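The chain contents come next:
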Amino acid sequence: MLKVAIVGCGKIADAHASQIQRIRDCEIVAVCDREPLMAKQLCDRFPIKQHFTDLEELLRKAQPHVVHITTPPEGHFELARVCLEHGANVYIEKPFTVYANQAQKLIDLAENKGLRLTAGHNYQFSPVARRMRELVKSGYLGGSVVHIESHYGYNLADPSYARALLGDKQHWVRRLPGKLLQNIISHGIARIAEFLTTDAPHVIAYGFVSPVLKSIGENDIIDELRVIISEEERTTAYFTFSSQMKPSIHEFRVYGSQNGLVLDDHHDILLKLRGNKYKSFADKFVPPAQFAKQHVGNLLTNLRLFLGNDFHMDSGMKYLMESFYSSIQEGAPVPIPYREILLTTRIMEEVFEQLETNRSQAQLSYQVPQLRCE
Amino acid sequence: MNDSTISAANSEAGFPPKPSSSLEQERSFIIAPDEQILVTGAAGFIGSRVVASLFERGFHNLVCFGRPSGGLAHLKEIANAHPGAQMQLITGNLLSRRDCEAASKGAKLIIHLAAGTGEKSFPDAFMNSVVTTRNLLDASLQSGQLRRFVLVSSFSVYTNCGKPQGRLLEESCPVEEHGDLRGEAYCFAKYKQEQLLTEYSRNFGIPYVVVRPGSVYGPKRQAIVGRVGIDSFGLFLHMGGANPIPLTYVDNCADAIVLAGLVRGVDGEIFNIVDDDLPSSRQFLRCYKKNVRGFKSIYVPHAVSYALCYLWEKYSQWSEGQLPPAFNRRRWHAYWKQTSYSNGKLKTRLGWRPRVPTAEGLQRFFESCRQGAKSA
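Chains as they are written, first to last, in our numbering: chain A, 1 to 374; chain B, 1 to 376.
The hints are simulated quantities; they were obtained by calculation from the structure and are not laboratory data. Given the structure is predicted, the values throughout are model-derived calculations rather than measurements. Incorrect hints may appear among the rest.
Claimed, not checked - Which residues of chain A face chain B? A partial, calculated answer using Cβ under 7 angstroms:
id, residue
1, R24
2, K40
3, Q41
4, G167
To be verified - If you want the footprint, here are the derived chain B segments under chain A, 3+ residues with CB under 8 angstroms:
id, segment
5, 34-40
6, 61-69
Virtual Cβ for every residue (Gly too), placed ideally from N, Cα, C.
Using the sequences provided together with the hints, build the complete structure.
As structure tokens, this is what we get:
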């Protein structure tokens, strides 16, 4: 029986507890939160026997094999370090760490201790994402990846998160270097990192506060971001984060030298984009029919998964947990290679540094004429 | 945290008539008009009416607490409408102990309306209802001047199963101890909030009153309450049928909350808040369609709705939550089982009378819905 503990008993901890419950041969032995009431409420709703307000006490008394860290990101590094020092494997919710050097230190520590780490990039393990990965592995793209596009739409009217953030000037998200972006974009960036081959791609970031946020006096939260990533003039990627673009899509496109693939996360749709052309008017009629067939195929796949009771909203999280647990118990490879985790944090850090630099320069150029007037 | 103090100018415009309250009743209040009252959630739908009701009764030393995003500005209009009113506006977060201490300092009466609905998140609802209440209770203990803590809870805490009085739902009826099994974060949080308050009362002697409003309605809240039915997939499923809907017009509800805070000799009591002359679900829906807008609805008989809730619940369990337990038998009992309601305790113990009759309240509500539909 694998003993699991959860640190941080907020909203995402519920999703973790629900999915851990569905996995065979594992048990949530304890939870921890600095706020004792929050720790207790999780125990009241799930079959968990112990709750703590001190992580070290939890590690000593409950001795979990795995700790899931579901706190705000500021605490990820230190909490994970303590868990590793006590001999526990660690699943860290996204974003893995606030800074890239913290990610490197955790990975080094885990490797030295013979322990395992993973990041909560669960969207990469949804049924449709796994189908896409299989197709890429089978060579469908026809050679190496040429270009990637990752779109991440965000709804600012979301009552569960965005409204709370906008209404609270002390919200923890505001203390992150990348603020809202840092807490959200890991999913979209990690998708890109999976298909990059070098460790230090060139990154160009441009971000701004949308007119909608400015109109409510919110000038600190960047909610529109465009990023260009390139490596050695071989593979390029665009990343788009937008709160204003409608429809608010979660879409990933990957193009090879022969074919491409489109993954629609919202609707669990995977489409093949064939590189070949048909002659004359056949090119106007055959591809639409092929797309129609693919859409019907996606519908049937989704129905089959639902009827087979394998289409939960967090099924990607369960798959990631199962893969991580089997890497611990059976020595299988970790589900997310450490190189990808590091690359994701590096790209994000580079994006936030550029945004901060651009912001500082913009403020400076705004202040100069004012000084002249004086 | 931020605060500002407002003194009222003379103005009378735009507020409901003063509630009837006898001199004898006013003498039996636990605090004097110049003593400090803290209202949390003051900018909200009910909170702003509570503030108005307190001013109308001559209580003119109010501290109004709200979130920075809560739009406290309209409270200034309320204060300006009452000569001599003193109102301190404090913006902050009840999750901050420091904000709670600042807000509750000197308060003789706390009317605690602020709560988290949490939408579908249990931790959010819990944190913004229970943790905040704990902070406020701790702060009031530190202050040491509190004479009563009024917790505004909800009808949603009742299980509506195993009631001693058959169909009648009254204050002594059992509450839902497993709001999580009902799949309802708000119910879970409200039950825990009440539980925490009674623990504090037992352990530290905090005097309290709990009020449980039914479905609060009025201008600016335009949705049809879930007890009538559910709007999904473009078709309204009418679930309530002949059930009376436990409505309370927002001004009537606010008066009841204020009286629960003021009237002597009711510490430790619970009061349900519902109006007189409650319409049935069917009557409400018919009037809504006639007065606001027409739409397609289909009546789901009670036996059928119960069976559907049962099937949904079983499927949710079997599938390990592939469909969340949004519909289940506990929820059916709480919202769609035929039930009658009483406001007898409210009238006899607090001397409450609804200042807005249900017929007039519904007309105002429908008018507001019409205006909302036009501006949408």
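Taking 7 angstroms as the limit, does the beta-carbon of G167 of chain A come near enough to a beta-carbon in chain B? holds, 3 angstroms
Does the segment 34-40 of chain B contain three or more residues whose Cβ lies closer than 8 angstroms to a Cβ of chain A? violated (count 0)
Assertion that chain A covers the segment 61-69 of chain B - criterion: three or more residues, beta-carbon distance below 8 angstroms: holds (count 3)
With a cut-off of 7 angstroms, does the beta carbon of Q41 of chain A approach a beta carbon of chain B closely enough for the hint to hold? holds, 5 angstroms
Taking 7 angstroms as the limit, does the beta-carbon of K40 of chain A come near enough to a beta-carbon in chain B? Constraint on K40 of chain A not satisfied, violated at 9 angstroms.
When the nearest CB of chain B is found for R24 of chain A, is that gap smaller than 7 angstroms? violated, 12 angstroms
In summary, the structure is inconsistent with hints 1, 2 and 5 from the numbered list given earlier, while agreeing with the others.
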